[in-house]
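Novice: Protein sequences appear in the order of chains A and B. Quick note, the first sequence lines up with residues 6 to 120 if you use the working numbering. Quick note, the second sequence lines up with residues 2 to 112 if you use the working numbering.
Honestly, I wouldn't trust all of these hints.
To be verified - Listed next, the in silico DSS-like pairs over lysine-lysine satisfying Cα-Cα at most 25 Å (straight line):
hint	chain 1	residue 1	chain 2	residue 2
1	A	K25	B	K42
2	A	K60	A	K71
3	B	K41	B	K69
4	B	K58	B	K68
5	B	K68	B	K41
6	A	K46	B	K4
7	A	K46	B	K38
8	B	K58	B	K69
9	A	K69	B	K4
10	B	K68	B	K57
11	B	K68	B	K42
12	B	K69	B	K42
13	B	K4	B	K69
14	A	K19	B	K42
15	A	K46	B	K41
16	A	K25	B	K68
17	A	K46	B	K69
18	B	K58	B	K38
Just so you know, the hints here were simulated from the structure itself, not pulled from any lab data.
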Amino acid sequence: GAVVSQHPSWVICKSGTSVKIECRSLDFQATTMFWYRQFPKQSLMLMATSNEGSKATYEQGVEKDKFLINHASLTLSTLTVTSAHPEDSSFYICSALAGVNYEQYFGPGTRLTVT
Amino acid sequence: EDKVVQSPLSLVVHEGDTVTLNCSYEVTNFRSLLWYKQEKKAPTFLFMLTSSGIEKKSGRLSSILDKKELFSILNITATQTGDSAIYLCAVADFGAQKLVFGQGTRLTINP
């Protein structure tokens, strides 16, 4: 149980375009999901906390108008990178809270390359 | 501000060796400490620790938490090349629900 999927797993886009990444909890409902980014050889950096039916909470330094998060249902959160730039190229990972101990289950990640 | 520090940042050993990875933390309202293994994709869950002094074990991996000294260790015995990965430690607090990650330890097992 507690499987999280992400789509797409890999995307290349041109500078200036927008890209949407989906995060789904497949066999459970998740009122809270998290979005992370990870640069090569670095640890995971939390970008925002996504709560179903309400606005996301962004970490300091993360532009909310650039990284749009929508958590419209209990099984789906989306991250849209707007007006992408090459420096947005990174590995984006989502996770969902599940279980009585609030364990986080991670999706497989999405590798974004902006050319 | 919550903080997690892992050491060493990088470790190279030979197959068959035993390794110990360290994680120290500072968190306002501690709920749990988690260990993850990350290979090429997203992290996979290893252990969640909430109580001091109780060892969690899974095969050749084991972990223990010391809530008084604010640290945890992850042991891997009889290492294999498949253990090569980045090992991440994270802490969760009751208030925020989010995880704060350490920098990770990059473990390389040479045959």
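Novice: Hint by hint, note whether the structure agrees.
Specialist: Verification of the supplied hints:
1. Using a Cα cut-off of 25 Å, the hinted pair K25 of chain A and K42 of chain B holds, with the two alpha carbons roughly 19 Å apart.
2. Under the criterion of a C-alpha separation no larger than 25 Å, the hint pairing K60 of chain A with K71 of chain A is consistent with the structure, at around 14 Å.
3. A distance of roughly 34 Å separates the Cα atoms of K41 of chain B and K69 of chain B; the hinted pair therefore is violated under the 25 Å criterion.
4. For the suggested pair K58 of chain B and K68 of chain B, the alpha carbons sit about 18 Å apart, so the restraint of at most 25 Å is met.
5. For the given pair, K68 of chain B sits about 31 Å from K41 of chain B by alpha-carbon distance, which is inconsistent with the 25 Å threshold.
6. The straight-line distance between the Cα atoms of K46 of chain A and K4 of chain B is roughly 19 Å, inside the 25 Å bound, and the hint therefore holds.
7. Only pairs whose Cα atoms come within 25 Å are accepted, and K46 of chain A paired with K38 of chain B is accepted, the gap being roughly 14 Å.
8. For the hint linking K58 of chain B to K69 of chain B, the alpha-carbon distance of about 21 Å falls within 25 Å, and the restraint holds.
9. For the given pair, K69 of chain A sits about 24 Å from K4 of chain B by alpha-carbon distance, which is consistent with the 25 Å threshold.
10. Taking the CA atoms of K68 of chain B and K57 of chain B, the gap is near 15 Å; set against the 25 Å cutoff, the hint holds.
11. Of the supplied pair hints, the one linking K68 of chain B and K42 of chain B is violated, its CA atoms being roughly 31 Å apart against a limit of 25 Å.
12. At most 25 Å may separate the alpha-carbon atoms for a hinted pair to count; K69 of chain B and K42 of chain B exceed this at roughly 34 Å.
13. Between K4 of chain B and K69 of chain B, the direct Cα distance comes to roughly 16 Å. Compliance with the 25 Å bound is thereby established for this hinted pair.
14. With a C-alpha separation of about 24 Å, the suggested pair K19 of chain A and K42 of chain B falls inside the 25 Å cut-off, and the hint holds.
15. Proximity of K46 of chain A to K41 of chain B is assessed by CA-CA distance (about 11 Å); at most 25 Å being required, the pair is judged to hold.
16. Using a Cα cut-off of 25 Å, the hinted pair K25 of chain A and K68 of chain B is violated, with the two alpha carbons roughly 41 Å apart.
17. Straight-line distance between C-alpha atoms of K46 of chain A and K69 of chain B comes to about 31 Å, which puts the hinted pair past the 25 Å bound.
18. Taken as a hint, the K58 of chain B and K38 of chain B pair is honoured in the structure, with Cα atoms around 15 Å apart against an allowance of 25 Å.
Of the numbered hints listed earlier, those contradicted by the structure are 3, 5, 11, 12, 16 and 17.
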